Each structure stands twice: as structure tokens, then as C-alpha cells.
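J.: Read off the chains here:
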Amino acid sequence: MMNDGDRAREEFFSEAQEIVEGLGRDLLALDEGQKSGHIDPDLIKEVFRAVHTIKGLAGLFGATRMATLSHDLESMLDDLRLGKIDLTPNVLDVLFASVQLYGRILQAEKEGRDQPMPEFDKLIAQLNRDSAQHGVTSGGPMIDPSLLAVLTEFEEHRLRTNISQGNTLYWLRVRFQVATIDQGLEELKATAKPHGEIITYLPAGVGDDIDFLGLDILMASRATSETLRAALAHLSVEVEELPRVSGSAAAPVSMPPPQAHVPPTPAPPPVSASASRPTPIPPVHVPHVDLDLTGAHLPYAPRIEPRIEIMPPGIQSAKAQELGTIKSVAQTVRVDIQKLDDLMTYVGELSIVRTELEQEIAKMRDGQASREDRSKLRRLQRDFLRNVDKLRDGILKVRMVPLSQVFDKLQRIARQISREAGKQVNPVITGKETEVDKLTIEELSDPLMHMMRNAIDHGIELPKDREAANKPVVGTIAINAFQKGNHVVIEIEDDGQGIDTDRLLEKAIAKGVVTQEEARTMSRREILNLIFVPGLSTKATVSEISGRGVGMDVVKTNISKLGGVIDVQSEPGINTKFTVTLPITQAIINALIVKVADQQFAIPLANVQDVGQLDSESVRIIDGREAVTWRGSATLQLCNLARLFGLAKPQEPDANAGAFDAPSLSSPEFSTPRLPPLRSDSLRHDATSAFPYRPARNSPVPIQSSSGRRKKRNYVVVISIGARRLGLVVDHLVRPQNVVIKGLGPSLKNVAGFTGATQLADQRIALVLDAASLIEEMFAHKGAALAHGGPHGF
Amino acid sequence: MPMMPAAGAAKRGKNHDRGPLTKYLAFRLADDIYGAPLSLIREILERKPLTPVPRAHPSIMGIISNRGQLITVIDLRRRLHLAERPETNKARILTTNPMGIELLGLYVDEVLQTYDLADNEIEPTTTAFGGEVAGYISGIVRPASVEGPSANRVGKRVAAAKQVARVIILLDLKIILAT
Chain U
1154 MMNDGDRARE EFFSEAQEIV EGLGRDLLAL DEGQKSGHID PDLIKEVFRA
1204 VHTIKGLAGL FGATRMATLS HDLESMLDDL RLGKIDLTPN VLDVLFASVQ
1254 LYGRILQAEK EGRDQPMPEF DKLIAQLNRD SAQHGVTSGG PMIDPSLLAV
1304 LTEFEEHRLR TNISQGNTLY WLRVRFQVAT IDQGLEELKA TAKPHGEIIT
1354 YLPAGVGDDI DFLGLDILMA SRATSETLRA ALAHLSVEVE ELPRVSGSAA
1404 APVSMPPPQA HVPPTPAPPP VSASASRPTP IPPVHVPHVD LDLTGAHLPY
1454 APRIEPRIEI MPPGIQSAKA QELGTIKSVA QTVRVDIQKL DDLMTYVGEL
1504 SIVRTELEQE IAKMRDGQAS REDRSKLRRL QRDFLRNVDK LRDGILKVRM
1554 VPLSQVFDKL QRIARQISRE AGKQVNPVIT GKETEVDKLT IEELSDPLMH
1604 MMRNAIDHGI ELPKDREAAN KPVVGTIAIN AFQKGNHVVI EIEDDGQGID
1654 TDRLLEKAIA KGVVTQEEAR TMSRREILNL IFVPGLSTKA TVSEISGRGV
1704 GMDVVKTNIS KLGGVIDVQS EPGINTKFTV TLPITQAIIN ALIVKVADQQ
1754 FAIPLANVQD VGQLDSESVR IIDGREAVTW RGSATLQLCN LARLFGLAKP
1804 QEPDANAGAF DAPSLSSPEF STPRLPPLRS DSLRHDATSA FPYRPARNSP
1854 VPIQSSSGRR KKRNYVVVIS IGARRLGLVV DHLVRPQNVV IKGLGPSLKN
1904 VAGFTGATQL ADQRIALVLD AASLIEEMFA HKGAALAHGG PHGF
Chain E
186 MPMMPAAGAA KRGKNHDRGP LTKYLAFRLA DDIYGAPLSL IREILERKPL
236 TPVPRAHPSI MGIISNRGQL ITVIDLRRRL HLAERPETNK ARILTTNPMG
286 IELLGLYVDE VLQTYDLADN EIEPTTTAFG GEVAGYISGI VRPASVEGPS
336 ANRVGKRVAA AKQVARVIIL LDLKIILAT
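Those sequence lines, one after another, are chains U and E.
In terms of our numbering, the first sequence opens at residue 1154 and continues consecutively.
In terms of our numbering, the second sequence opens at residue 186 and continues consecutively.
Hints may contain errors.
[Unchecked claim] No more than 30 Å apart at the CA atoms, straight line, and that leaves these computed lysine-lysine pairs for DSSO-like:
no., chain 1, residue 1, chain 2, residue 2
1, E, Lys359, U, Lys1902
2, E, Lys359, U, Lys1617
3, U, Lys1208, U, Lys1188
[As the list claims (entries may be wrong)] Calculated from the model, a selection of chain U residues having no Cβ within reach of chain E, i.e. all distances over 12 Å:
no., residue
4, Asp1335
5, Ala1795
6, Lys1902
7, Arg1917
Derived by calculation from the structure, the hints in this document are not laboratory data.
Only a predicted model underlies this, so the values are computations on that prediction, with no experimental measurement involved.
No residue lacks a Cβ here, since even glycine has one placed at the ideal position from N, Cα and C.
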């Protein structure tokens, strides 16, 4: 249960997280602007505001580090805003580093840790040192002091900047009706913005009366006066260009006498009204804007380069840690009100059904139920089920969040990693509005980040190599997401050097993953899939093989845990493309319910490849592992769940179990399976109806063996993760069904083999098996299947 | 199940000089009476079907579902290395979240009653045992000295418990559940 303090803290986290994410996006836009040379001052203001808001939030919640960082950043951003420092790549680096630091601080706050953060101290020291070095810029074009007197420091800076960029200055003269001035101004701003920058608004001070207000607007633009005039004509704006003058002996540029341009004033204002009006600011003359635009001396000499050595060693290493995760710290989901309204509707309908049901039940109780009542009851039941389904779907929708939550972070990371690696990368992202379950996004962020990192580190070549290969110097990483039925597909594709399959294969042979003989028959696709084999994608070997695959096995495992699959394609010298396919939601999955020693377990159908019966006589022990030949072709390692979990069998196995000792190699390994092969993909959508076999609930299935002798049989559920398969030996197959997975508490965190638990219809709880970890466990420990006693139990 | 009636301090007459009182819930584990601050107990649940979790710590009995929420149930007897008794219908599950991390269920053999205790009535373990006592015991109380509830007021069950309740061992749930 959450108390008020927890709730407030949770809100703090989500709000802070949201602002930090927005900050990251703005920085990316600034980065773009910096590269293309068009920095939007509004964006800097936006960043400034975001940091200011974080400062306030942090202060409120006693997050001291966050407040300190924000305070110092704010000073730097203020200088940036006022043009005291330039937006150099180095300054951007500091800003990006700060966003990362915010993330780490939030994480630490969330976990209640208060460990020292050397990178924090370094960044703060850096910010302080830099700010001490910033001098107020001197030089630049002379601006008339009387104009300076009415301009704010920021406006002055913008004026100077625009002059230095060679933009033309215009005075816009406009009169607004006082009543609608806000609207009018907004429209004017919106119309003018594409053409340039509005530097200041000054009251004209003439031609005003009680209903009208004249404004002189100083604007800088690249456009010609004709263009501007045409654009603003519909707003009855008069546009006057300030003449460009060359040389230091510039003619003074002043505002033309306002009266000449002011439309006739309807009537002189009554005295009383004018007295109550604020004193108008006298017209401002700008006699000496010395515009030296010849380019002979650039008016804006390069300013003090902020000496920010970005990423001192401390930050460097801390950054590696920070890069360890891009999960969000917020546990909350912001919900579109429409989604909630829908839920409310379903609940409302359910309440109606409930009332009707109560009436019908009362009739039944009184023995007055007629035939119509019975049919009404059936109708009510249908209504009830339909609304429960809608409610469930509605709640699933509430859990859905757009992929942009993780894609935006990926983009930020791409910028950073590529700078570190000295490579030029252009991430192109599509489909970021695609929605996925919140839980999936959190679990997906790290695997995606690893793939992004790999694409830059090992895929994209250095600029000189790309040039040599006749490729564009800037590499492209395309991230595409789209929905496909009940699944979401995410592709990460780079136009780098591709995977060197020869070297990958060489390595695999050297490591003993494949034999020389197998290697000869392997398809290119099979070889590429070696990237997901643990031994081949460990850190130590990365630099030796094609370079791909920092922990690709881990990536694969994590994606499998989400019920997803990952595939790789690559053409040498052209591209590498990873495709991840995930179920849209994690909260409800299709699972096969099985029984082991009277206890029920759920196995996610996404991991179930096949099911069949097990003939205990066919089980052989190979090198301490139990195995059978599956469907006449491949060897399948078995895992006896009852033994692995130390569960007592409800009845002792019969004597035939002893047949184990003398496995007959010629006998058919499997009796004819009564269950046709299960294909998990065909089951995913409507498992209940597609499941070919439905025993009575929870009832044991008596099986006659071919010899007619009554014999105890077990079932095998083949689970698979990538190329690895494992046969789980269970007592009974109960049924496939949709289950709602709930996580196990921290007290059970260290218990391997389960991803959660689910409540079944009979109020019993079934543990949900973790296919990935079971396979890993059984493959890792030699003879683990036999760890809990001899080969009895089949 | 409703909370046990608190031993009402006001009715007893003698308590005006005892100082601030804290409510403790007394329960039976094996043959002894234990107590924990009532403020830490969220709910007292009847027994429910328990689903054992294979390979979990031996003191974890399994998980139950309480109004849709999964709760891990810990066998306090096993955690304290006490003897186990066959399950009776008096057994209860106390839910608690002392660390603010996870709502846990504590299996006890029987819930007895609450006691209002002043700090000075609790004997610190250091004076009683010379400091060589497990950290999870926060104090010892002799209910007789606190004036236990009279049998006619709370009923037969408490009277029965009173025979063994010479001593109530107060537990520090945070320490027990942290390990």
C-alpha cells in the first residue's frame, strides 16, 4: 500500500523523469541545430526552463545533488542564453553528461542510496570553473545606449547575434485592439517566426487610446522586406527595413517618426481614461546602431571558448556505468483520459448487469423464475463476459506506452557513443509512436541499447574506412518499429561492415561450438546465428571475431524472457539488421498449464515448441544427462521437473522405470504421440480453441501402451530459446489458457526457474516457468538433471 | 477476521502512571508466546491454500493470493528454528511490511490477543540475558506483571493461553525478515 509520502515521491520521480527525458530531446534538437548552424534560441530557453523546473522539484524533495547540479547548469545556460558562451560541441557534451547524471541521481534517489558520486563532484567543479572563466563579452557592434536602456540583456544578445549573422533588421509597426491584443500578438508571432526572430516589443507610445495600442517590434530576418511585407500583410503590419550601412562611419539608424505611419486615431481619449493609463514609454530612437556588416571585421569576434574538458576520466568510467541501463525510474504510466473513460464505460455497463443479475437471482430464489428469466440469465451472462473482456483489453491499453520512451534515449546514446568512437552516425527512427506494454519497454531498453552500441562500435566503420569503401562518411542506423498483428517488430539496421561469417565460424570451431564437419554443412543463416551463442559473444572475444556481439546471447535471453524472438541478417560490407519480434503485452500471456506431482505450473506458449508423450524406456543417459531421440531425428535433453524441484510424486513409479538401465537403441524412442505437434505460433492467438487435446480438467490421462499393458507415462513439453531446446518431463498436460502473470516478491528473487506466478480459475496459484533460465541451467551444469537422485521417476 | 479486542487500559484502574502505551499483538509459535508491535501488522488472515515454491528458502512456506495480490508466506517457527506443530484451524497468517519493500505473510500457530505495554514494562534483553541473545528479540515481557486480562472478560481461549504466557518474547520483525 502506498502512503501519501510514497505517492508524492513517486510523482516526483515521474515528473522529474519526464522533464529529464524532454531535456534529452531538446538537447538532441540543439545538437542538430549546432551541426547545421541554426540554433533556435527558443530551444535554449526551453532547456533553461526545464533545468529551472528540475531545480524547483529537487529543492522540494530535498534531492540536494539534483538541486546543486540544476543550479550550476542554470548559470551556464543563462550565460548561453545571453550569448556569454557559445553553444559549442563541448558545451553540448556537458549538457548531455548532465542529462545522464540526472538519470543516475534519480536512480540513486529512488533506491535510497547515498553513495558518493565522483562524477557528480567533477561535473560540478567543472561547471563552476567554467563559469568563473566566462567574461562578459565585449566588442561587437556598437549599439546605441538609449536602445540598450530598453533592451534586456537577452534581447541585446539576440540583437548582436542577428547582426553578426548578417540578418536584416526591421521595425514592424502594428496596432492592436486592447481587448484582443493577446490573440493578435500570438498570430503575429506565429506568422513572423518562420521568417526570423522577434527581438523585442516596444510600446509605440503614440496613437494609443483606450481601445488601441501601438507596438514597435524589432525583428531580425533573412527575408527581404517585400517577402516580409507580403507575409504580414493580412495583419496590417507595416514593415520598415533598417538600412544596412557599411563602414564605421555609419549613418545613424533611427526609428522613423511614428506618427507618419499610424492610422488616424478615431477620437482623442477622454482625459480621465488617459490619466488612468500607465504612462507610455517615450518613443525610443536608435540613432547609432553601427552596423559594420562588411565582413571586414566580423562584429562578433570569437568569444571565450568555454574550457570544458568534457568527460574527464571520472565521468568517463561513471558513464560506462550509467550506460549500463536506460530503464526508467518512474513506476507510473501517464494515461490518456480517453482510455480511462472507456474503462469507466465498461465498469458502468457491468454495474447494470450486476443489478439485473441480482434481480434475476432473487427471482430464482423465490422460485418465480420463468423460462424467459432463464434466457435473460443467459443474455446477462453474455453481457457480463463481453464487458469483462472489454475491461481486460481496456486495462491492457492503459499499460501501453509509446516506444519513443526508449527510442529517444537510444538516440541520445547513439550521439554519445559515436562521439566516443570517433564515428559519424545518423540515427533514423521511425514508428516511435508504436505502443508496447510498459513492462516490455523497461525490459527491452537494455537489450536495445546493447544493439545500438554494437551497431556503432562494430558495425559502422571509421569515417576514413567508409570513404575508402565509397560509402557516405556518415553512417546510418535505422530503427524501425511497427505493429504486426499481436506483435511489435523492432528492427535495428546499420549500413556498416556487416558480420564476417568466416571469422565467426573460425572462432566457433576454435571454441568447439561446432565441429569442422558441421561447419561444412552450415548455411550462412546458421552461421550468423552463432552470434547468439554464449561462448562466442563474450566480451573477451568480441574484438577478435567480427566484432559483433557484446553479450548478444544476453540480449537474446532477455528478449526470450519477454516472449520475443530475435533474428539477424547481414551482408558483408553492406549492412547488419537485427529484427526483434515481441508480443504486445506481457501482462496476459498464453500458457500451457501442466501438472507435476500434483502441483500446477504454467509454461508460456511462446517458449513451447512441441509436446509429446515420453516412453520411459527410451530415455538414455548420455554423459550424465538424460536424453531421448525426439521425433526420430534430433537428440533432446530432458529435465525432470519433479526431480529438479524436489517434488514428491503422488504415486510411486511402477517397476518399468527400471528398464532405464538397458535402453534398447533399436526400439522406437517415442510411442506414437497422441498429441499432434504443437506450434506455438498457431496457438498464440487463440490457444484454447487451437489446442488439439483437451482432457477433463485436472484429470489424469490414462494411456494404454501399444503392447496393451497398462503403464505409467509422462509427457514432454519441449521448450526452446533460439536453437537450444529442452524437454520438460511433466505428469499431465492440463490445458492451455490465458494467464495474468504477477511478479514474485523480492523474497523469492533468488529462486531460479520462475518468471512469476498466476492465479488459476480454481483459486490455486501456478508458478510460471522461466524457459530461458531453465535451459541455461540445464545446459550449464553437467548432469544437473540427475542431481536429485537416480534416474527414477519416469 | 476481526482484530482481537485490545486489553483496555482504562478499565483496569492501575494504569494511570504507566506512561505512553504501545499495542503489541501476542501470538503462539510452537509452545511459546511471542509478540510484535500491532502497528506493523496489516491484516490477520485465515489459512488459505498455499502454493509451495520449489527451491525457495526452507522457511518460505509458499505463496498465497489475498484479494488478487500474491504474498510470500514465511514460517516464523522455521525462521526462529522452533519445533513445528501440525497445522490446526487456529493457525493464521499475519501480513506485514516492516521494511516497506514487500508485503509478507507470517505463519503463526495461533493469534492470542493484544497487550498495551509501556516501555518500562519491557525487559531489555541485555539485562535479562547479558547481551548474548539473538538480535531479533527486542525484549521480554511478563504479562502477569502487566496484569493480563481477566479470563471472564476475554474468554476461555485467552485463559488457556495465559497458562503458558508466563513470558512474551517481543520480536523485532525488521531484523527477522531482513535475514
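J.: Any hints from earlier that this structure breaks? Give me their numbers in increasing order, please.
T.: Per hint list: 2, 5, 6 and 7 violated.
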